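Novice: If you want the building blocks of each chain, they are given just below.
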Amino acid sequence: MKKLLIAALAVLISQAALAGVKIEHWISPSGTRVYFIESRVLPMLDVQVDFAAGSMFDPQGKSGLAALTRATLDLGAGQLDETAISEQLADIGANLGGGADTDRASVALRTLSAKDKLEPALDILKNVLHAPRFDTAIFEREKARSIAGLKEAMTRPDSIAGKAFWAAMYPNHPYGRQATPESVAALTREDLVAFYGRYYNATNASITLVGDLSRRDAERIAESIAAGLPKGEAAKLPPPPGTPQGGLTQLPHPAAQAHIYIGLPAIERGNPDFFPLLVGNYTLGGGGFVSRLMKEVRDKRGYAYSVYSYFSPMRQAGPFQIGLQTKRSQAKDAIKVARDVLDGFLQGGPSEEELAAAKANLTGSFPLRLDSNRKLLDNAAVIGFYGLPLDYLDQYQAKVQAVTIADVKRAFARYVRPENLITVTVAAD
Amino acid sequence: MRLKYLLPVLFAAGLSTAALANPFETTLKNGLRIIVKEDHRAPTAVQMVWYRIGSTDEVDGASGVAHVLEHMMFKGTPTVGPGEFNKRVAAAGGRDNAFTSRDYTAYFQQVPKEKLGEMMQLEADRMRHLNVDPKEFAQEIKVVMEERRMRTDDNPQAKLLEQMNAVAFEVHPYRRPVIGWMDDLEAMTAADAKAWYNTWYVPNNAYVVISGDVDHKEVFAQAEKYYGPLAGRTLPARRQQIEPLQEGPRRITVKAPAELPVLIMAYKAPILRDVEKDSEPYALEMLASILDGHDAARFNKKLVREDKVALSVGIDYDNMARGPGLFYLQGTPSEGRTVADLETALRTEIARVQKDGVSEQELKRAKAQLLAGQVYKLDSMFGQAMEIGQTESVGLSYRQLDRMLEKLESVSAAEVQAVARKYFNDDTLTVGILDPQPIDGKPHRPAVATRH
Numbered sequence: 001m002k003k004l005l006i007a008a009l010a011v012l013i014s015q016a017a018l019a020g021v022k023i024e025h026w027i028s029p030s031g032t033r034v035y036f037i038e039s040r041v042l043p044m045l046d047v048q049v050d051f052a053a054g055s056m057f058d059p060q061g062k063s064g065l066a067a068l069t070r071a072t073l074d075l076g077a078g079q080l081d082e083t084a085i086s087e088q089l090a091d092i093g094a095n096l097g098g099g100a101d102t103d104r105a106s107v108a109l110r111t112l113s114a115k116d117k118l119e120p121a122l123d124i125l126k127n128v129l130h131a132p133r134f135d136t137a138i139f140e141r142e143k144a145r146s147i148a149g150l151k152e153a154m155t156r157p158d159s160i161a162g163k164a165f166w167a168a169m170y171p172n173h174p175y176g177r178q179a180t181p182e183s184v185a186a187l188t189r190e191d192l193v194a195f196y197g198r199y200y201n202a203t204n205a206s207i208t209l210v211g212d213l214s215r216r217d218a219e220r221i222a223e224s225i226a227a228g229l230p231k232g233e234a235a236k237l238p239p240p241p242g243t244p245q246g247g248l249t250q251l252p253h254p255a256a257q258a259h260i261y262i263g264l265p266a267i268e269r270g271n272p273d274f275f276p277l278l279v280g281n282y283t284l285g286g287g288g289f290v291s292r293l294m295k296e297v298r299d300k301r302g303y304a305y306s307v308y309s310y311f312s313p314m315r316q317a318g319p320f321q322i323g324l325q326t327k328r329s330q331a332k333d334a335i336k337v338a339r340d341v342l343d344g345f346l347q348g349g350p351s352e353e354e355l356a357a358a359k360a361n362l363t364g365s366f367p368l369r370l371d372s373n374r375k376l377l378d379n380a381a382v383i384g385f386y387g388l389p390l391d392y393l394d395q396y397q398a399k400v401q402a403v404t405i406a407d408v409k410r411a412f413a414r415y416v417r418p419e420n421l422i423t424v425t426v427a428a429d
Numbered sequence: 001m002r003l004k005y006l007l008p009v010l011f012a013a014g015l016s017t018a019a020l021a022n023p024f025e026t027t028l029k030n031g032l033r034i035i036v037k038e039d040h041r042a043p044t045a046v047q048m049v050w051y052r053i054g055s056t057d058e059v060d061g062a063s064g065v066a067h068v069l070e071h072m073m074f075k076g077t078p079t080v081g082p083g084e085f086n087k088r089v090a091a092a093g094g095r096d097n098a099f100t101s102r103d104y105t106a107y108f109q110q111v112p113k114e115k116l117g118e119m120m121q122l123e124a125d126r127m128r129h130l131n132v133d134p135k136e137f138a139q140e141i142k143v144v145m146e147e148r149r150m151r152t153d154d155n156p157q158a159k160l161l162e163q164m165n166a167v168a169f170e171v172h173p174y175r176r177p178v179i180g181w182m183d184d185l186e187a188m189t190a191a192d193a194k195a196w197y198n199t200w201y202v203p204n205n206a207y208v209v210i211s212g213d214v215d216h217k218e219v220f221a222q223a224e225k226y227y228g229p230l231a232g233r234t235l236p237a238r239r240q241q242i243e244p245l246q247e248g249p250r251r252i253t254v255k256a257p258a259e260l261p262v263l264i265m266a267y268k269a270p271i272l273r274d275v276e277k278d279s280e281p282y283a284l285e286m287l288a289s290i291l292d293g294h295d296a297a298r299f300n301k302k303l304v305r306e307d308k309v310a311l312s313v314g315i316d317y318d319n320m321a322r323g324p325g326l327f328y329l330q331g332t333p334s335e336g337r338t339v340a341d342l343e344t345a346l347r348t349e350i351a352r353v354q355k356d357g358v359s360e361q362e363l364k365r366a367k368a369q370l371l372a373g374q375v376y377k378l379d380s381m382f383g384q385a386m387e388i389g390q391t392e393s394v395g396l397s398y399r400q401l402d403r404m405l406e407k408l409e410s411v412s413a414a415e416v417q418a419v420a421r422k423y424f425n426d427d428t429l430t431v432g433i434l435d436p437q438p439i440d441g442k443p444h445r446p447a448v449a450t451r452h
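Chains W and C, in that order, are what the protein sequence lines are.
Just so we're aligned, residue 1 is where the first sequence starts under this note's numbering, counting upward by one.
Just so we're aligned, residue 1 is where the second sequence starts under this note's numbering, counting upward by one.
Worth flagging that the hints you see were computed from the coordinates, not collected in a lab.
Just to be clear, a hint being listed does not mean it is correct.
Claimed, not checked - Straight line, CA to CA, 30 Å or less: simulated BS3-like cross-link-like pairs of lysine-lysine:
no., chain 1, residue 1, chain 2, residue 2
1, W, K409, C, K277
2, W, K300, C, K194
3, C, K302, C, K268
4, W, K336, C, K135
5, C, K87, W, K151
6, C, K87, C, K159
7, C, K277, C, K377
8, C, K367, W, K126
9, C, K159, W, K300
10, W, K409, W, K336
Stated by the list, open to error - Not close to chain W: a few residues of chain C, all C-beta gaps over 10 Å, as computed:
no., residue
11, G61
12, V144
13, R149
14, R233
15, E259
16, E335
17, Q369
18, G395
19, N425
20, D427
21, V431
Keep in mind the model is a prediction, meaning the values are calculated, not measured.
Think of the CB as a built atom: it goes at the ideal place given N, C-alpha and C, for glycine as much as any other residue.
Can you build the whole structure from these sequences, using the hints too?
Specialist: Structure follows, in structure tokens:
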């Protein structure tokens with residue numbers, strides 16, 4: 001009876017969401033992967049172009065290059081200077097955004113879909129992608145701003161902790177290398193031009209469109225974006241990260257609160273163990289206010305406002321991470337509680353009741369992941385960029401439902417080995 | 001449990017014909033209003049319960065109690081145990097949280113639409129039946145102190161803003177931080193929280209906003225069922241304290257571990273009280289957009305891009321509030337430039353508006369952005385519920401949102417120039433400077449020194 005109910009519910013959900021979640025996919029004539037969701041309710045369109053051009057592709061000694069290339073990309077292109085770009089976008093109420101993370105550099109346009117808005121907005125987007133100027137004066141200015149930002153970050157306990165955590169988790173992998181004021185100061189305009197030339201190409205790109213558009217127009221727009229990019233070749237990945245030696249890094253800071261990170265490199269995008277880890281982590285520290293970490297660290301002891309754990313799959317093994325902040329004098333106690341919770345979970349896994357609660361939330365909340373164009377765009381872009389199966393969203397609830405306690409224990413035992421855990425504290429007594 | 005100085009979401013609903021009646025509204029016998037915005041794009045729903053009570057209603061020595069009570073609202077009733085509220089929302093596939101501002105305290109759940117009734121039942125229960133258990137309180141107050149450390153004590157900008165508000169307002173309760181002074185948190189008891197709850201958490205001091213794939217008639221029926229039986233009660237009189245006229249500039253400096261100095265200039269500015277009769281808040285809103293509405297708006301174009309006197313600049317002007325308003329200019333000087341340079345540059349830009357006004361083209365651009373924003377905001381169900389809730393929280397009506405938009409669209413360049421002349425006046429100015437301190441004893445570049 002219960003199974004039947006769940007099945008009936010799943011049908012309802014998929015019907016209701018069908019119009020919104022059908023991802024169409026094709027390869028444009030110029031060789032770019034395209035993902036499209038038609039959504040006609042609101043007169044607007046989102047277009048996101050993703051390149052495998054994140055900081056993991058920063059050449060040795062040039063950390064910060066990917067970020068600065070992306071930051072400067074839309075500050076002057078073709079016939080348009082930076083002022084013209086901003087003013088013309090504002091005149092039609094369009095927004096151009098995006099950014100660069102470890103894996104991806106993204107350029108994202110949101111515009112009204114009326115023709116007199118859409119066409120000029122797309123022209124600007126194409127200019128930015130096809131003909132960025134990288135003007136010397138603007139490059140120097142953005143470099144100076146970036147350096148100042150990095151110096152500021154080096155005074156913030158959370159940033160200091162984050163940087164040290166990644167450096168310790170990935171000692172021999174680009175994920176562990178981070179921009180410094182010095183590395184950015186050494187960058188030249190030629191570095192940006194070369195990085196753009198290498199990575200911003202049709203083969204290394206995926207395009208995602210969501211909104212008030214026909215398939216035919218989507219094909220036309222995607223190809224007009226792809227056709228203006230050089231054919232190029234896909235980014236080559238470095239060897240995958242190894243497993244670090246576990247250890248503790250303690251850094252001083254005058255802050256009132258200690259910032260604490262515990263974790264290690266775990267899984268890459270598309271790894272089938274993602275589902276047991278996702279479901280298991282819900283109980284450990286992922287399930288907002290109902291996780292074990294929340295209960296023990298916050299509710300029972302009042303040690304922290306925020307405490308969590310998550311897996312963050314990336315192109316290559318991304319981290320499993322526990323994070324919390326607590327009054328500096330009780331940092332050691334808080335770490336002990338968090339470690340005890342983790343160790344207990346690794347030994348016993350979730351209870352039947354916890355597993356059921358995790359599944360109920362992860363499957364039940366599924367419609368909330370898809371109830372706006374913004375969320376549809378984010379999902380489709382990730383599916384496209386990482387080459388996840390097109391039916392990833394359709395399969396999501398079934399894969400969550402299929403997870404067993406044994407699956408969770410096995411997956412955690414494989415990816416979260418206590419002897420490899422990195423712990424970083426900043427401002428702990 | 002979030003605490004945010006919430007930004008204003010000023011503008012209208014009603015993209016077009018969608019249904020003139022939408023949002024729908026009813027008032028229960030106990031005084032609780034139910035406002036429903038139907039949006040059938042996806043099978044989800046949002047419930048927000050807004051209480052007309054915020055930190056502005058606190059008294060000296062008890063700052064932070066509105067926010068602490070917000071935390072305690074998750075600690076159980078006779079029928080729903082401590083932590084059980086979150087558990088039931090999670091089991092329903094929902095997400096929930098809450099936030100406290102100066103003017104209101106609000107609670108929300110985002111759920112698959114089938115679960116809305118259950119969420120209404122849960123909120124109705126804690127509207128009148130909260131336990132404030134001293135043992136739970138003793139743990140939770142520590143959590144709130146950690147929250148204060150995280151958000152304010154270790155955040156130099158937040159600390160500067162906290163100090164600025166304490167100086168810009170001498171009398172009005174907006175001078176106190178929403179999260180409360182640490183000493184007040186140390187002194188607070190479970191009885192204080194309970195008294196707050198008993199006084200203010202009644203249906204006639206609240207309203208419920210629901211948006212999503214729902215039928216308003218069904219929602220009204222469920223509201224009657226769950227909220228209807230709760231008893232209303234007369235509220236104590238509240239007196240709005242009037243901030244005395246500021247008659248000269250004020251300046252403060254805050255020292256904190258950081259690399260970059262920060263400058264904030266806050267001018268006393270009007271708040272929207274009467275949608276029809278007021279004109280200045282609209283003009284100031286458009287001025288903010290002309291100065292800071294996009295990357296080539298005046299401030300960023302001139303100060304960051306052309307003159308490179310600033311690494312970043314920005315404006316914050318919230319013209320919807322129960323209390324008095326401030327128009328904030330803020331920025332960080334570039335390497336080799338001081339906060340004095342930046343202050344001069346900001347003043348030059350303001351003087352330019354005062355003397356030469358703004359162009360029709362700039363105004364048109366700001367209006368184009370405004371109108372596009374009307375479409376984009378409909379992408380978020382939560383955003384739509386927020387807009388209704390915030391508008392109501394300051395004593396305006398969501399029914400006036402379209403009219404506010406029309407008023408904004410009708411602002412003239414002359415009106416923009418006039419408000420710039422009237423309100424950027426040193427007599428009502430408060431200047432705050434973050435003077436960065438080294439974290440490791442190394443010397444630092446000075447924030448306040450004059451240029452050589």
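Novice: Taking each numbered hint in turn, which are not upheld by the structure, reported in ascending numerical order?
Specialist: When the structure is compared with the hints, numbers 1, 5, 6, 12, 13, 15, 16 and 17 turn out to be violated.
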